[in-house]
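Q: Heads up, the sequence shown is in my numbering, so the first residue is 1 and it goes up one at a time.
Hints are computed from structural coordinates only; laboratory data are not their basis. Given the structure is predicted, the values throughout are model-derived calculations rather than measurements. All residues carry an ideal CB built from backbone N, CA and C; glycine is no exception. There could be a bad hint or two in this list.
The list that follows gives simulated cross-link-like pairs (lysine-lysine, DSS-like), each with its CA atoms no further than 27 Å apart [what the hints assert, rightly or not]:
no.	residue 1	residue 2
1	Lys70	Lys150
2	Lys318	Lys256
3	Lys65	Lys293
4	Lys185	Lys98
5	Lys239	Lys318
6	Lys293	Lys256
7	Lys256	Lys185
8	Lys65	Lys154
9	Lys318	Lys65
10	Lys152	Lys65
11	Lys256	Lys184
Simulated DEER-style distance windows between Cβ atoms [unchecked claim]:
no.	residue 1	residue 2	range
12	Leu345	Tyr297	17 to 25 Å
13	Ala36	Ile95	17 to 25 Å
14	Lys290	Pro134	41 to 49 Å
15	Lys318	Glu69	43 to 51 Å
16	Phe226	Val316	17 to 25 Å
17	Leu132	Val179	17 to 25 Å
18	Ala136	Ala36	16 to 24 Å
19	Ile225	Trp180	31 to 39 Å
20	Glu140	Ser211	44 to 52 Å
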Amino acid sequence: MGDTTLKEVVENLTDISPGPETNGTAKIPATPEGMAVAYGSLVLMALLPIFFGSLRSVRYHKEQKESGEKPETMSSKDAAMFPIIASCTLLGLYIFFKIFSKEYINLLLTFYFFFLGVLALAHILSPVVNKLIPAAFPDEQYHLLLRRGKDKEKREDLMDYEFNNKDLVCLLLCAGFGVWYLLKKHWIANNLFGLAFAVNGVELLQLNRISTGCILLGGLFLYDIFWVFGTNVMVTVAKSFEAPIKLVFPQDLLEKGLAANNFAMLGLGDIVIPGIFIALLLRFDVSLKKGGKVYFYTSFAAYFLGLMTTIFIMHVFKHAQPALLYLVPACIGAPLITAIVRGELKELFAYEDNPEKLEETSEEDEKSTENKQTSKEDGKEEKKIK
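Starting from the given sequences, assemble the full structure and let the hints guide the process.
A: The structure is reproduced here in structure tokens:
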């Protein structure tokens, strides 16, 4: 969506230039203390979805295996095409904002992300709410099923969702946060939805192989550099796009409290894209069955260092930085060096998250070869009889 840029957060550090005001008050220049709080909060908010989303991805992957559900993973071709699709989407949004009124587009996007945000938040909070609600609460079960087609072999389930009364309570609570976001567009409500999107993305978006992750990160590495340094398209869209696709934290929080308006920003793409790669490394750690999480912790620490480097460079040059320029080398380089040191480079690239498909195809190949051999033997016997 073109949101993979850590935008410039140092604005008017020394002077307050006359210009547009927000809520009737001019932006207060960021103090060193305010910037430290904002930067620290953004880094923490970036690390939490990756850490917990990765842990949830292991459980989700295990549940898929146990249920026999076919996982939807990204292929190498999909990974190679992703930067192209993202570029077309980004350019399309840029043209839309140039042609049509920004207010109408953002109004449409607000309702769209309202529904998505409520569902994403409910998915995360549902286990917590279920534990908090007393056992005496009525536990009625419901099943939503939307199916296309009549033939059993050809029909497709478009929606298959089971829930209970406790899930409905959780949905209502999340809808309350959604209404708050809908009416106020408050930065805390924005962050709640943004964190929910990030955790769900890291948990549910699955890469199948390390090589696929390298292709995806490498492509978006070039994508980020081009659209940030080559043009002003990404920064323009990010500034115009009023949706919870970025995490924000005010640099003037200490001076203005919750009414602060001088924000530091971090795009969700800079969290989710490296996050799904780090989650894959955690599942690789689990597959090794050695009890440790070396690759996960190494890549997690590398992400932290890459993000801190991005903030430092941005602060020094006072210019928007493509975060993936620093995050991609860190997230790919750290596990590769670890694998070389541990002598596990071959195992790292041979690992496949969902090898069931290969097993099925190999079984089919064995059956086909057996059938061919039996048919040949039958043919020979017929010739002998003749």
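Q: Next step is simple, just say for each hint if it's right about the structure.
A: Here's how the hints hold up against the structure:
1. Lys70 / Lys150: holds, 22 Å
2. Lys318 / Lys256: holds, 24 Å
3. Lys65 / Lys293: Satisfied, since the Cα-Cα distance of roughly 21 Å is no more than 27 Å.
4. Lys185 / Lys98: holds, 23 Å
5. Lys239 / Lys318: holds, 17 Å
6. Lys293 / Lys256: violated, 42 Å
7. Lys256 / Lys185: holds, 17 Å
8. Lys65 / Lys154: holds, 23 Å
9. Lys318 / Lys65: violated, 48 Å
10. Lys152 / Lys65: holds, 23 Å
11. Lys256 / Lys184: Roughly 17 Å separates the two Cα atoms, so the pair holds.
12. Leu345 / Tyr297: 17 to 25 Å: Holds, since Leu345 and Tyr297 (Cβ atoms, about 18 Å apart) stay within the stated range.
13. Ala36 / Ile95: 17 to 25 Å: Hint violated: Cβ distance 39 Å, outside 17 to 25 Å.
14. Lys290 / Pro134: 41 to 49 Å: holds, 42 Å
15. Lys318 / Glu69: 43 to 51 Å: holds, 49 Å
16. Phe226 / Val316: 17 to 25 Å: Since the Cβ atoms of Phe226 and Val316 sit about 22 Å apart, the hinted range of 17 to 25 Å holds.
17. Leu132 / Val179: 17 to 25 Å: Given a distance of about 21 Å, which is inside 17 to 25 Å, the answer is holds.
18. Ala136 / Ala36: 16 to 24 Å: violated, 48 Å
19. Ile225 / Trp180: 31 to 39 Å: For Ile225 and Trp180 the Cβ distance comes to about 37 Å; the hint holds.
20. Glu140 / Ser211: 44 to 52 Å: Between Glu140 and Ser211, where Cβ atoms are some 47 Å apart, the hint holds.
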